[in-house]
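Protein chains in written order, with my numbering: chain A, 1 to 289; chain B, 1 to 192.
Treat each hint with caution, since some may be false.
Calculated Cβ distances over 10 Å to all of chain A for the following chain B residues [said to hold, decoys possible]:
| id | residue |
| --- | --- |
| 1 | L47 |
| 2 | L63 |
| 3 | S66 |
| 4 | R84 |
| 5 | A135 |
| 6 | D141 |
| 7 | Y146 |
| 8 | T150 |
| 9 | Y159 |
| 10 | Y167 |
| 11 | T174 |
| 12 | R175 |
| 13 | T187 |
Examples of chain A residues toward chain B, derived with CB under 8 Å [said to hold, decoys possible]:
| id | residue |
| --- | --- |
| 14 | E31 |
| 15 | Q92 |
| 16 | N94 |
| 17 | I164 |
| 18 | C201 |
| 19 | G205 |
| 20 | A247 |
Hint data in this document are derived by calculation from the structure and do not stem from the laboratory.
All C-beta atoms in this analysis are idealised placements derived from N, C-alpha and C, irrespective of residue type, glycine included.
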Amino acid sequence: MNARALVLVAAATTGCGPSLRGLVADHHDREAICGAHDGSSGDRAEVGRALDGHAGLALEVYSVRPGELEPLLGDAAASFAGRARLVRVSAQTNIVPVDGLAVDVAIVGATPVRWDALAAVTGERLPARRWGTTYATPGNVLKGLGVLFSFGTVLLPSLVDRPIIQFRPGAIEVDAPDHEYRRIAPRAHALYHATVDASGCSALGSGGSTGVRCRWFFVVSPAASTARLDVAVTYSAQRVTGRYTPAEPCMVARRTSVELGPIDQLDRVFPANRMRPLAELVGRVGAAR
Amino acid sequence: MRASPLVVVAALASSSAAEPGLDLPEPSAPAPRVIVEDSPGPVYYRLPRDTRALSRSGLGVELRSSRAGFALDLLGGASIQLARGGRSALWIEGGYAYAGFGDHLLALGAGPAIELGPAILDEAHAVRLALVPHALIGRCDGELGYGLRTSAIASFLWYGIEVAHQYLVVGERTRHEVHVMITFPMTIGGGS
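Same shape as in the complex, but just chain A (with noise of 0.2 Å):
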């Protein structure tokens, strides 16, 4: 038996687990985040921060010109510079021997890309929701359990044209379709399908390791001078049970604000657009936690 063995032979016996500095020094994460989500403050912030190092998230914050605009917007893309900016924030992380890494951000004062956002900026008005019908009801759900119960027994009446149960539509609020959009708010509707679709976070990695890279973009109102940058980090492992049925993983999340400064001399920040170290930028442009 190995030294390693005896180790958390000895941990299994006594209830004393292997020390956490020592797992994350030796890239033991999953394991590290387990014994942190089950241990105090302290230990998640710890390993908190030992995750933070290895997983060397980088960001990058650009602010779109009002050129970059115009293939989108043509002769209006002068006005919305004038209602609003269009920031980019891009992360990219490493690889890290975790079974699941989630990166989100915040502008302060800032709003997603959203339908409403967009259309306020462009000054267009949205098509308005239209009623569809669903079978998925609370009154179906309850009736799907009433045949489930009854081993299917309720619906035999209905073979005779006697239902004791009958499965009705119900009516449900929904978006009009994305023709509707690009006819009514057509400048709303190419920034959002510009945006959006370019948004959201891509797996890097395989084979038992993982790491993100994300891009989200966000509408800041011209009035806002000064950018903080909300980062939320969340970093999860898989409990071994033995089981089939999963457990609920553990996780550490970690959060940090950062003050990029002026927002119309973000490329003082990044400059050639080059993403940096969440802890450099912390380091160097200014934190609040």
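Chain B: place on chain A using the hints.
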């Protein structure tokens, strides 16, 4: 003039393809580093945690000589695994026990418990057997009473059954009773 379906499809496809996008400069980023574990990962903290809260609310009967009375238990406590991921545990619980003969008792117990398969169920809903002696003290028929309730408990999903022998000393009298309870809901905290 009518357009053939193929022409319509082609026109829709070309209008969709012609939809302009934002041509923004791509950010430059270093190639992501791949962090690997220095050795095969240990499994200790990832095993289900060793302490789970439990609560049992039960209704049943208490049999004393030839009489039977309504019984109610409101108990809470914890199941503490002897090792992470292990199936044996220490079951600790305490709470209020009422019997229709006029008994209002405080119960406090601890004993061994074991968790049985099947693996399709999670830890919180597995079959669990426990043997828990409880110390009892309170008022019985208006007098101070104390004693011991030795409970055999079986639980599964949100249900439990308890069969117990209860020995009470009330004044200068002693009683032997049988306590049978159906527990619902029986909750045992999950692994997180």
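Results of checking the hints against the structure:
no.	hint	verdict
1	L47	violated, 6 Å
2	L63	holds, 34 Å
3	S66	holds, 40 Å
4	R84	violated, 6 Å
5	A135	holds, 26 Å
6	D141	holds, 44 Å
7	Y146	holds, 33 Å
8	T150	holds, 28 Å
9	Y159	holds, 17 Å
10	Y167	holds, 34 Å
11	T174	holds, 40 Å
12	R175	holds, 40 Å
13	T187	holds, 15 Å
14	E31	holds, 5 Å
15	Q92	holds, 5 Å
16	N94	holds, 4 Å
17	I164	violated, 29 Å
18	C201	violated, 13 Å
19	G205	holds, 7 Å
20	A247	holds, 5 Å
Violated hints, in rising order: 1, 4, 17 and 18; the structure is consistent with all others.
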